[in-house]
Every structure is written in structure tokens, then in C-alpha cells.
Amino acid sequence: MASCSQLLDYRGNMSRWTPPLEMMDGIVTQIEDSQDKGIWAWDCLDQCLVLITPWVLALLGDNPMHSEMACHRGLMAKFFCRICWVKGHHSADSDIQKGTKLKASQAIQLVHSDAASEISMTSEASGSGQETRLRSRRRPLETFQKMVDRVERFMEKARLRNRWESQKHLQDIFNEATRIGGKKNSDQIGTNVGLKDTFQNYFIQKIFTSYKNVSSKTAKEACVSNVLKTFPTDTSSPVWCLRSLDPHADTPVEILHVILLGFVKYFWCDAVSRLKDDQKLLPINGKTLVAYAGSLTGRDFRVLAQVAPFCLYDLVLAECLNAWLALGHLIPLVWQPEIGDINKHMWLISEAIDHFLDCTAAWTPRWFNKPKFHNILHLPEHIRRFGPASLFATEGFESFNAVIRKFSINSNHQAPSRDIGRGMARGNRLRHMLSGGFFLPKFKEEEWFDQCNNDSSKRQPPSEGWCKIASASEYMSKIRNFAPEMFKIAEDTTEDTHRGKYKFTAH
0 MASCSQLLDY RGNMSRWTPP LEMMDGIVTQ IEDSQDKGIW AWDCLDQCLV
50 LITPWVLALL GDNPMHSEMA CHRGLMAKFF CRICWVKGHH SADSDIQKGT
100 KLKASQAIQL VHSDAASEIS MTSEASGSGQ ETRLRSRRRP LETFQKMVDR
150 VERFMEKARL RNRWESQKHL QDIFNEATRI GGKKNSDQIG TNVGLKDTFQ
200 NYFIQKIFTS YKNVSSKTAK EACVSNVLKT FPTDTSSPVW CLRSLDPHAD
250 TPVEILHVIL LGFVKYFWCD AVSRLKDDQK LLPINGKTLV AYAGSLTGRD
300 FRVLAQVAPF CLYDLVLAEC LNAWLALGHL IPLVWQPEIG DINKHMWLIS
350 EAIDHFLDCT AAWTPRWFNK PKFHNILHLP EHIRRFGPAS LFATEGFESF
400 NAVIRKFSIN SNHQAPSRDI GRGMARGNRL RHMLSGGFFL PKFKEEEWFD
450 QCNNDSSKRQ PPSEGWCKIA SASEYMSKIR NFAPEMFKIA EDTTEDTHRG
500 KYKFTAH
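In terms of numbering that gives the first Met the number 0, the sequence shown has 392 at position 393, counting the first letter as 1, and numbering is strictly consecutive.
Honestly, the hints are just simulated from the structure, not real lab data. Careful: at least some of the hints might be erroneous.
Unchecked claim - Using 20 Å as the maximum straight-line C-alpha spacing, the simulated PhoX-like pairs for lysine-lysine come out as follows: (1) K228 to K216; (2) K183 to K211; (3) K219 to K183; (4) K275 to K216; (5) K211 to K228; (6) K183 to K205; (7) K467 to K441; (8) K228 to K264; (9) K369 to K77; (10) K228 to K275; (11) K145 to K156; (12) K467 to K145; (13) K228 to K183; (14) K182 to K195; (15) K182 to K167; (16) K195 to K183; (17) K183 to K216; (18) K205 to K182; (19) K205 to K219; (20) K211 to K77; (21) K216 to K205; (22) K195 to K205; (23) K167 to K264; (24) K145 to K167; (25) K275 to K264; (26) K264 to K145; (27) K145 to K182; (28) K371 to K77; (29) K182 to K156; (30) K156 to K467; (31) K205 to K77; (32) K369 to K156; (33) K77 to K145.
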């Protein structure tokens, strides 16, 4: 709440070696405790105590982190989408609804043409890494009809996943792992449903290693029984303990990694690989954009998305240029800061996404080896659920990397995670005070704890004694306020702050 200063107990725990879900276990415990008991805070407007109960609305991150949070096997799995049951290679079940026949027909016509065939081979070479080429050697050659079916599946949404179904599948995986000789079947179940709980996998591996050097079946069963007694009651991921959260539906498509570091980067690297040396000159710092095409940042790709169609209009084929134009039409709709008519905006962005995929398929269907071309289909429903896409983008969090790095460098490097946590806590405390936030003095806290007899279930802070920093100290933050400059907010000019001049008057 922007208008309410909160009294919160911040605890930061960071580690380079601890897996994300293992750290999340402690965070979920604190969230559950806060949901049961609430967090007392002071409302600076109504001048009264308020009780806050936190709820997790969404989990933000890039695609690999989203897959881990959703207990999904990742983008390289046969079921590569964490949101729906769309399938990749070697899959053509009848339960997936068929659609977009027009899009498939476009792909069929253009694949038969010489131009599209030439583009397809080049895109495959430029858009795939060494790992992809090694896998293709082991994978059987894809027939033309299988490719068309795969493109159709890419360009449509399949049946949505849900947490209850995933929890059942993960429990089946664990139950099969507890059976002697069930390791192969356990792995096969995970492959068939596209799920992998890295938190639960730790306990599964302990089961397998418990009878590794045991020969008889009876002894193996005894080993499994003994190791199961050491496990906690719930061995599944802590994300399932978060009430009202579905990690499949509440991990929104991240526009930085999907669009700027996805589509724009793919298209730009492909375009640069086709240009001759005398064509690799662009007016906007062209040497850097061309020489370091594979190492550009999101800010660079934001510029490229706007200027690339004008720079490449006579350097690439018409199909490639049409895909660039469709992408340039889609990006402004995605980065809308405000949405006036949600229904109209949903229609516009859905049409823009379909048009972009149509143009991409018309250019070459080989681009649909990239799972991000399917993930973009789920963006409209996430915008309807969470608001403008910039709200759940990770660009804002990326800017804190320099702050975290500074805390780590300016330390003795004996406990960097502790130093980072303390530095972030100090910064948060300073921000709270300079923004006019209220706090309870330390002596008042001691009286409060004594009155409550250290009973955490009955702790309610007093309604008197709350204070904030002196007005003269608060005035210092108004001498040069960086917030309006950073976020492009119009400053309040109703009060003359005498910028650049400060005078303290003692009372």
C-alpha cells in the first residue's frame, strides 16, 4: 500500500549453492505464518493499526525459473509448455484440438517453394546451437506431415494444466520411485507428463541410493522403509503449499526474455548472418549492433525492434521483412502502460500475435523449433489476469543486479550472502524513513514485548507512540528527488521546495 507505512520483519537469506525451491521452503513457512497471524502495521492516513495478510498473486522470473517453480521439465521437454499440454516432437494425439488450418496451409505452400526451403535451411543453421544439432543426429528425420502437425500445435493453445492434476502426477512419480525397480517407470511417468519436482527429486535420489549396493529384494525393501522414516511428512515442492496459487496459471509470460531477448534477438542474429560485409553498417551505432549481435541487452533489442524494418527493407526477403513488421506492430501493444478497454485490447493483441505467427510461418516454419513462439499465445490471458505486461516484467528487478553486486564487492567476502541481505535491509529501512514512514521506537517495542509475555500469538503493537523522522530530515529528500526523474513522474509544483537551497531553523 503506497499510502500506508508498514511495520514488517524482513529476513533475507541468499546462497549461491542452495536450490531455489529449497530456499522457497523457508519463505513459504513465513508466508503461511503471516497468513495465519497477520502482520500489524500503522496506517499513516487513518492514524490507526491495520492487520495485513499477504497473499502470493504471481511468481515472476524467466522461463527456466518459471518451469522450476511449476515443477515442469523445461523448454526442451516433449511437453515444453508449463501452462498447457501442447506437445513438441514425436507427438500427435487426438485429444489436442486442431485449429489454425489457414496457418498450416500457408506453411505447406511456402515450404514447397524454393525460397522458403532455402530460408528454412539457413534459419535452422543460424538459430540452433551445437546441442540442438547433436540431438538431431539421434532423432529420426521429421517428415513433412509431422512438421506441419508440429507447426499447427505450436500455433494453438492446448488443454490448460492445473495444480491438482500436477500434484497427482508428482505423487504417482514418488510412489513409483518407492517401489523396488521402479526407477525407470518413475522417470518415464515424468517424461510422459512433462513434470519434474526438483525438491522432491532430492528425496527420490536418496531412495535409489539407499539400496544401491544391496542384492536381495527383501533387504532393498527394508532399506527403502528405513529411509522413508527419515523423510518429512510432505516431500513435494513448497510451491504447492501456497494457498490460492496455481504455478501453471500464475507464472505469467515474461516479455523481456520472450520478446526482446527472444523474437527480436532471433530475427536480428539471423538477419546479420545473411548480410554481406559492406551491408553491415547501420546509422544507430551499427558496428556494435552487428559485431555483438549475440551479446546485446534488452535495451539494445528495444531499439532494434523499432529501426530494423527500415534498415533491412532492401536487404532481406519480403517474407522476412513482413515478420519484422508484424513484430514491430505487436511490441507497442505489449508495452502499453495503461489499458482503457480490456476487451478491445485483448482482441487487438490476440490479432497481432496471430498475424506475427502467420508471417513467421510464411517466412519459414523452422522458427517453430523455439518454444517461445508458442509461449506468446498465453500472454493475452495473463494480461487480463494481472494487468499490463510491464507490471510482471523482470526488467525492473534486473536493475538491482548492480546494487547486489556492490554489496558483495564492498564486503570482506567471508559471508557475501549475509552482507547482501544486511545491505538490502539497511536500504529498505532508509527508504521507509525518508518517504515519511512511521515506526515504533525501540523502548516502546521492549514495553510491548514485556506486556505480551513474549506470546507471539497475542502480539499487537500499541496504538500510541508511533513516530517518524524530523521534518527537516525528511525535507532533505526533496532537494533532489530522483523518483520523478527515474519513473518520468510529473513533480508536484504546488509547494515551493527551493531546490538547491536548504536552511535549518531550530525551534
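Hints not upheld, ascending by number: Hints 4, 8, 10, 12, 13, 20, 23, 24, 26, 27, 29, 30, 31 contradicted; others consistent.
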